[in-house]
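A.B. asks: Heads up: the sequence shown runs through residues 188 to 755, numbered per my numbering.
There's no promise every hint is true.
Stated by the list, open to error - Within a straight-line C-alpha distance of at most 30 Å, the following computed BS3-like cross-link-like pairs (lysine-lysine) qualify:
no. : residue 1 : residue 2
1   : K436      : K402
2   : K469      : K679
3   : K655      : K679
4   : K433      : K540
5   : K521      : K540
6   : K433      : K469
As the list claims (entries may be wrong) - Label pairs and their calculated CB-CB ranges:
no. : residue 1 : residue 2 : range
7   : P647      : F359      : 36 to 46 Å
8   : F359      : G400      : 33 to 43 Å
9   : W465      : A429      : 22 to 32 Å
Source of the hints: derived by calculation from the structure; they are not laboratory data. Note that the coordinates shown come from a computational prediction; the quantities given were computed from them, not determined experimentally. A virtual CB, placed ideally from N, CA and C, is assigned to each residue, including glycine.
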Amino acid sequence: MSPTTLPAPPEQGHVTFLGAGPGDPGLLTLRAVEALANADVLVAEHDVLDVVRTHARQGVAEVHTDADTTASSTPGTGTPQLTVVDGASTTAGVPANRDAAHLVMEAARGGRRVVRAVSGDPGLDAYAAEEMLACASAGVPFEVVPGVATAVGVPAYAGVPLRDAQGTDVRFVDARTASDRCWTEVGASDGTVVVSTTLDSVAAAAGELVSAGRKPDTPLTVTVAGTTTRQRTWSATLGTIAQTLKQAKVLPSPEGGRPVIAVVGERSVAAQRDRLAWFESKPLFGWKVLVPRTKEQAASLSDQLRSYGAVPHEVPTIAVEPPRTPQQMERAVKGLVTGRYEWIAFTSVNAVKAVREKFEEYGLDARAFAGIKVAAVGEQTANALIAFGVKPDLVPSGEQSAAGLLEDWPPYDPVFDPIDRVFLPRADIATETLVAGLIELGWEVDDVTAYRTVRASPPPAETREAIKGGGFDAVLFTSSSTVRNLVGIAGKPHNVTVIACIGPATAKTAEEHGLRVDVMAPEPSVHKLAEALADFGARRRLAALEAGDPVTRPSERRPGARRRRSTT
Numbered sequence: 188m189s190p191t192t193l194p195a196p197p198e199q200g201h202v203t204f205l206g207a208g209p210g211d212p213g214l215l216t217l218r219a220v221e222a223l224a225n226a227d228v229l230v231a232e233h234d235v236l237d238v239v240r241t242h243a244r245q246g247v248a249e250v251h252t253d254a255d256t257t258a259s260s261t262p263g264t265g266t267p268q269l270t271v272v273d274g275a276s277t278t279a280g281v282p283a284n285r286d287a288a289h290l291v292m293e294a295a296r297g298g299r300r301v302v303r304a305v306s307g308d309p310g311l312d313a314y315a316a317e318e319m320l321a322c323a324s325a326g327v328p329f330e331v332v333p334g335v336a337t338a339v340g341v342p343a344y345a346g347v348p349l350r351d352a353q354g355t356d357v358r359f360v361d362a363r364t365a366s367d368r369c370w371t372e373v374g375a376s377d378g379t380v381v382v383s384t385t386l387d388s389v390a391a392a393a394g395e396l397v398s399a400g401r402k403p404d405t406p407l408t409v410t411v412a413g414t415t416t417r418q419r420t421w422s423a424t425l426g427t428i429a430q431t432l433k434q435a436k437v438l439p440s441p442e443g444g445r446p447v448i449a450v451v452g453e454r455s456v457a458a459q460r461d462r463l464a465w466f467e468s469k470p471l472f473g474w475k476v477l478v479p480r481t482k483e484q485a486a487s488l489s490d491q492l493r494s495y496g497a498v499p500h501e502v503p504t505i506a507v508e509p510p511r512t513p514q515q516m517e518r519a520v521k522g523l524v525t526g527r528y529e530w531i532a533f534t535s536v537n538a539v540k541a542v543r544e545k546f547e548e549y550g551l552d553a554r555a556f557a558g559i560k561v562a563a564v565g566e567q568t569a570n571a572l573i574a575f576g577v578k579p580d581l582v583p584s585g586e587q588s589a590a591g592l593l594e595d596w597p598p599y600d601p602v603f604d605p606i607d608r609v610f611l612p613r614a615d616i617a618t619e620t621l622v623a624g625l626i627e628l629g630w631e632v633d634d635v636t637a638y639r640t641v642r643a644s645p646p647p648a649e650t651r652e653a654i655k656g657g658g659f660d661a662v663l664f665t666s667s668s669t670v671r672n673l674v675g676i677a678g679k680p681h682n683v684t685v686i687a688c689i690g691p692a693t694a695k696t697a698e699e700h701g702l703r704v705d706v707m708a709p710e711p712s713v714h715k716l717a718e719a720l721a722d723f724g725a726r727r728r729l730a731a732l733e734a735g736d737p738v739t740r741p742s743e744r745r746p747g748a749r750r751r752r753s754t755t
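All chains, please: the whole structure from these sequences, using the hints.
C.D. replies: Next up, the structure:
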């Protein structure tokens with residue numbers, strides 16, 4: 188008699204309840220990033236999904252709040268309405284009113300690794316607690332990855348300390364669920380109160396505290412969109428906050444009000460915020476900056492702009508395409524392998540990419556550069572080579588340009604240089620400066636078109652309207668071609684938009700197109716250009732503060748306002 192074969196038990200999944208923090212993606216913990224990278228299914232409300240999805244692996248099934256079903260609901264009330272947006276999900280087709288706990292456990296029972304991401308910290312989220320209990324009751328294993336609590340992270344970004352050296356008592360209140368007894372207790376204390384509420388209800392919450400015993404002249408701050416570049420903070424008192432918001436023209440929201448964090452207390456709020464508001468005082472805080480470059484080139488520049496508090500918007504103005512006749516490039520790459528060249532000079536990241544793609548087509552790798560000297564026109568190009576596995580032998584010690592490269596390039600010496608030829612892969616519209624300079628130094632040059640640059644397709648209509656209508660605070664022009672191409676595909680930037688150019692030639696082209704140049708980099712480097720714009724923003728902010736004027740962005744200026752030109 189053969190033994191009876193028992194059916195294999197169903198594969199058990201796992202759930203990670205993950206705190207996504209208050210809104211800044213940079214506040215995710217290392218453990219959170221690791222969990223997201225391994226997730227099969229990602230469940231989150233829409234705003235949270237925007238924070239965490241960058242770290243999720245490609246192909247992960249996404250489940251998020253259906254904006255259409257929750258638009259009329261009050262934040263913090265009712266069950267989250269969820270819908271599957273990825274057809275690959277095992278829960279595809281599930282009705283939108285299925286609760287999160289059911290969706291989470293259904294995916295986990297199928298052997299999936301599920302990440303349930305919530306705003307702030309899971310330990311302070313009522314829905315997450317209910318879902319954890321549901322998992323425990325169903326025998327579904329789970330773990331908790333803490334996050335930065337919104338009630339703690341937002342005041343930190345607003346420059347509002349919650350405790351002082353005397354150890355101020357701190358109370359946390361959710362105004363949307365607080366009982367009369369809760370208000371009475373916090374009203375009777377003299378410590379700091381952190382209130383989670385909505386913009387439409389913050390005045391009512393202040394009234395509750397006054398009714399419970401707090402003095403109307405008690406200072407408070409109210410912060411909306413905390414830890415993001417949309418953050419805005421108002422300082423007032425419990426008795427004046429309603430008037431302060433009215434004067435700021437904060438209108439009632441049809442969605443029931445945006446979530447806010449209010450901090451109430453004498454010692455935590457008083458004059459300290461003016462000195463501690465580090466986030467909102469960044470030089471380009473909230474500025475929408477147009478970066479008209481190719482997507483690959485814009486990445487590092489956008490990261491730098493974000494560090495200054497800006498919101499970069501990348502609009503490709505140049506598309507990179509293969510050469511019309513690839514035979515010249517193919518012969519040059521074969522010559523590179525067979526020893527035809529002493530040097531290869533890269534003048535752009537795109538040139539590195541073009542050669543790398545050709546190498547991969549032939550089954551070659553960085554070892555093919557053995558015995559060949561490699562030059563890079565600047566730091567970004569050098570980094571692209573290093574990522575390819577090639578360390579350049581020559582990078583300009585001064586100006587990062589063709590002229591700077593020629594300054595350091597050695598003349599041809601028949602004694603020390605067995606080969607007199609240089610391979611120069613570059614764009615079809617590149618200038619002749621480098622070729623002429625190398626020939627003057629005694630070298631033979633194979634000037635090869637590695638790629639073509641063509642005008643990109645126009646951006647969406649919304650972006651074009653923002654460009655022409657003054658919706659952007661600044662535009663960074665990194666070459667004359669970016670000026671011509673942006674104006675060609677999207678129109679001329681509005682008069683209130685700050686125009687920043689990488690050098691005199693680019694500035695001249697901008698002026699020829701009717702643009703007034705406000706900022707020019709001290710040297711031809713995209714990073715120096717970003718620094719120069721940040722310096723401009725810092726000086727502009729300081730001037731407003733010294734004059735007693737509100738700090739505004741250029742797009743908030745009165746149309747037609749004059750701008751001063753800066754060359755630093």
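A.B. asks: None of the hints should be skipped; say for each whether it holds.
C.D. replies: Against the structure, the hints come out as follows:
1. At roughly 25 Å between alpha-carbon atoms, K436 and K402 fall within 30 Å of each other, so this suggested pair holds.
2. About 28 Å separates the Cα atoms of K469 and K679, which keeps this hinted pair within 30 Å; it holds.
3. A threshold of 30 Å between alpha carbons decides the hint, and for K655 with K679 the separation of about 6 Å falls inside it, so the pair holds.
4. For the given pair, K433 sits about 55 Å from K540 by alpha-carbon distance, which is inconsistent with the 30 Å threshold.
5. Of the supplied pair hints, the one linking K521 and K540 holds, its CA atoms being roughly 17 Å apart against a limit of 30 Å.
6. The suggested pairing of K433 with K469 holds, with an alpha-carbon distance near 26 Å, which does not exceed 30 Å.
7. Here the CB-CB span from P647 to F359 is close to 42 Å, well matched to the stated 36 to 46 Å.
8. Between F359 and G400 the beta carbons are some 18 Å apart, a value that contradicts the proposed interval 33 to 43 Å.
9. The hinted window of 22 to 32 Å between W465 and A429 holds, with their beta carbons roughly 28 Å apart.
Comparing the model with each earlier hint shows violations of hints 4, 8; every other hint is respected.
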